[in-house]
Amino acid sequence: DTAVSQTPKYLVTQMGNDKSIKCEQNLGHDTMYWYKQDSKKFLKIMFSYNNKELIINETVPNRFSPKSPDKAHLNLHINSLELGDSAVYFCASSQESSGANVLTFGAGSRLTVL
Amino acid sequence: AQSVTQLGSHVSVSEGALVLLRCNYSSSVPPYLFWYVQYPNQGLQLLLKYTSAATLVKGINGFEAEFKKSETSFHLTKPSAHMSDAAEYFCAVTVDYKLSFGAGTTVTVRA
Chain G
59 DTAVSQTPKY
69 LVTQMGNDKS
79 IKCEQNLGHD
89 TMYWYKQDSK
99 KFLKIMFSYN
109 NKELIINETV
119 PNRFSPKSPD
129 KAHLNLHINS
139 LELGDSAVYF
149 CASSQESSGA
159 NVLTFGAGSR
169 LTVL
Chain E
4 AQSVTQLGSH
14 VSVSEGALVL
24 LRCNYSSSVP
34 PYLFWYVQYP
44 NQGLQLLLKY
54 TSAATLVKGI
64 NGFEAEFKKS
74 ETSFHLTKPS
84 AHMSDAAEYF
94 CAVTVDYKLS
104 FGAGTTVTVR
114 A
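Those protein sequences? They're chains G and E, same order as listed. FYI, in this note's numbering the residues of the first sequence are 59 to 172. FYI, in this note's numbering the residues of the second sequence are 4 to 114.
Do not take every clue at face value.
As the list claims (entries may be wrong) - Taking CB as the label site, the calculated pair distances span:
| id | chain 1 | residue 1 | chain 2 | residue 2 | range |
| --- | --- | --- | --- | --- | --- |
| 1 | G | T170 | E | E69 | 39 to 47 Å |
| 2 | E | D99 | G | H131 | 21 to 29 Å |
| 3 | E | T109 | G | T60 | 21 to 29 Å |
| 4 | E | T111 | G | N84 | 39 to 47 Å |
| 5 | E | E69 | G | R121 | 22 to 30 Å |
| 6 | G | S97 | E | A89 | 13 to 21 Å |
| 7 | G | S138 | E | A89 | 20 to 28 Å |
| 8 | E | T111 | G | H135 | 33 to 41 Å |
| 9 | G | F100 | E | E69 | 23 to 31 Å |
| 10 | E | H13 | G | L85 | 17 to 25 Å |
| 11 | E | G11 | G | L112 | 35 to 43 Å |
| 12 | E | S73 | G | L85 | 17 to 25 Å |
| 13 | E | S12 | G | S123 | 27 to 35 Å |
| 14 | E | G19 | G | E111 | 46 to 54 Å |
Hints in this document: simulated from the structure, not taken from any laboratory. Remember, it's a predicted structure, so these values are computed and weren't measured experimentally. Glycine residues also receive a C-beta, built at the ideal position from the N, C-alpha and C atoms.
Modelling step: build the complete structure from the supplied sequences, incorporating the hints.
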């Protein structure tokens, strides 16, 4: 069983479209995250939810909207896609939100905007 | 603010040789430090973490890292590289409960 699963794995779309990426974890963790990895492999946190509550909201365009229907799911919706949104998006989860916690990552969703 | 700097974006080693990946952190308080590995087309997985219990930390796959406060370093080593160690390695530090990553080091292993 995959601990943190993301769908879709690959997404190719046109500029201006709206798309969603879904994430689910079966680890019983309380905290979930979205990270963006750019073409130079640099990883940056975007959002974090703890028990369905938003706790980290980095400087991300408001075209990006996370939603956590329950603590096992964290989805990412992106409106009006731009070329610069092309990246690999990683979902992750951790037991709680403290600094020592280890993150478990999904396999990533590669978004290509044409 | 705390951050990490990885020295060397690319390291090439021969199979069986020592692997040394450098990471320096900036922190005014004892940090939580991590090394993660990313194999091609996969997510990141934890190699090891430092949480002040011991300065020499052993991780998976024969890797270890030593926390040196005087040098603000947390370098990752493996005595003998294997072909399967070819991957991207990330040093990370917790900043305000957020995991902040270094730029990564690509390791290639020559047969």
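Tested hints:
1. G:T170 / E:E69: 39 to 47 Å: This hint holds: roughly 40 Å between Cβ atoms.
2. E:D99 / G:H131: 21 to 29 Å: holds, 25 Å
3. E:T109 / G:T60: 21 to 29 Å: holds, 26 Å
4. E:T111 / G:N84: 39 to 47 Å: Violated, at about 34 Å.
5. E:E69 / G:R121: 22 to 30 Å: Since E69 (chain E) and R121 (chain G) have Cβ atoms about 43 Å apart, the given range 22 to 30 Å is violated.
6. G:S97 / E:A89: 13 to 21 Å: Once the Cβ atoms are compared, 20 Å apart, the range 13 to 21 Å for A89 (chain E) and S97 (chain G) holds.
7. G:S138 / E:A89: 20 to 28 Å: violated, 38 Å
8. E:T111 / G:H135: 33 to 41 Å: Since the Cβ atoms of T111 (chain E) and H135 (chain G) sit about 38 Å apart, the hinted range of 33 to 41 Å holds.
9. G:F100 / E:E69: 23 to 31 Å: holds, 26 Å
10. E:H13 / G:L85: 17 to 25 Å: Cβ of H13 (chain E) to Cβ of L85 (chain G): about 33 Å, so the range 17 to 25 Å is violated.
11. E:G11 / G:L112: 35 to 43 Å: holds, 37 Å
12. E:S73 / G:L85: 17 to 25 Å: About 37 Å separates the Cβ atoms of S73 (chain E) and L85 (chain G), which means 17 to 25 Å is violated.
13. E:S12 / G:S123: 27 to 35 Å: Given about 33 Å between the Cβ atoms, the range holds.
14. E:G19 / G:E111: 46 to 54 Å: holds, 50 Å
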